[in-house]
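Protein sequence lines, in the order shown, are assigned to chains G and Y.
The opening residue of the first sequence carries number 1003 in the working numbering; numbering runs sequentially from there.
The opening residue of the second sequence carries number 2 in the working numbering; numbering runs sequentially from there.
Source of the hints: derived by calculation from the structure; they are not laboratory data.
Don't take every hint at face value.
Stated by the list, open to error - The calculated label-pair distances, taken between Cβ atoms and stated as ranges, are:
#1 G/Ala1030 x Y/Thr48: 26 to 36 Å
#2 Y/Ala67 x G/Lys1043: 19 to 29 Å
#3 G/Ala1067 x Y/Ala43: 43 to 53 Å
Said to hold, decoys possible - So, partial list: chain Y residues that the calculated Cβ filter (under 7 Å) puts toward chain G:
#4 Ala77
#5 Leu84
#6 Tyr94
#7 Ala202
#8 Ser234
Just so you know, even glycine gets a beta-carbon here, dropped at the ideal spot from N, CA and C.
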Amino acid sequence: MKQLKAFGAFWYDFIVGDDWHVAALVVAGLALTAILAHAAKVNAWWLLPVFAFAALAWSLHRATAKK
Amino acid sequence: MNALPLILTVFIACVVEAVEALTIVLATGITREWRSTFQGMAAALVTLAVITAAVGPAINELPLTALRVVVGALLAIFGLQWLRKAVLRATGYKALHDEASAYLREVAAAEAAARQSRRGVNDWYSFTLAFKGVLLEGLEVVFIVITFGDNQKNIGAAVIGAAAAIILVTIVGIAVRAPLTKVPENWMKLAVGVMLTSFGAFWGAEGAGARWPGNDAALLVLIPVVAVAAAASIAWLRSRQATVAVSVPASEVVGS
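Construct all of the structure, not just a fragment, from the sequences and the given hints.
Put into structure tokens, the structure is as follows:
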């Protein structure tokens, strides 16, 4: 059980990292890009970079905000 | 003489792909660990050889789109993590480490356990980054060779163009490796974060169905834009730090 927990913690840290909001925003950006491209036929190449910048700004804000 | 345009076309296309793979390999090797990076690269080349030998021309049927989404998402997430840490360190927020926290103990234990289970690979992170980058770009090189070579009925000429591109990019990589190691560590990590985020956003969006203006040339715009965003983040945090320093003692400012 301990090894399983350690294994899970390793992969969580490996993929998600210090702030899960970053991973969540990247996945949301990808999903929205796919929806816009396939369902609405909108070539939203700009959307994922926007989500990436938002994720960085939000994560930095959270890490440095006055407690 | 008829083969020359084919060789040149494949050469240029493959130089682009090889430079992308080289960027990932150099960035990972310089900032993390060379041995694991080379192991990841070698494993990717072996996997690529096995896939090519087993599948042959049917390699064009592999789900490259899905691969781009997965690799793109992971690279973008990794890149943003690197950027976050590098920006926090550059602005002094990451100077204090809470080494005794339970979270870090757990992560350290998990890493140790994970290392035991992966024989011969010291740094799984470096191995995986190099593996994914080289495999994805390698697959694209194979696609280019098969597509162009098959269309022109001259696979041999396409292979010559691709091989020349890979040899040239490898030589350039060896030449720039030493100068790059002299760059301060945190700035190198910031640059790696910029590269990984740019490539991740590029591949991810492409895999999700978006078409970049100018195709691969869009990277020449995307990379500087991400770099500017990182620089702006540093400027923003520095100005914010200056404001906070007026009302909060420095000892209370702890990064996460």
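Output the indices of the hints that this structure fails to meet, ascending.
Failing hints: none at all.
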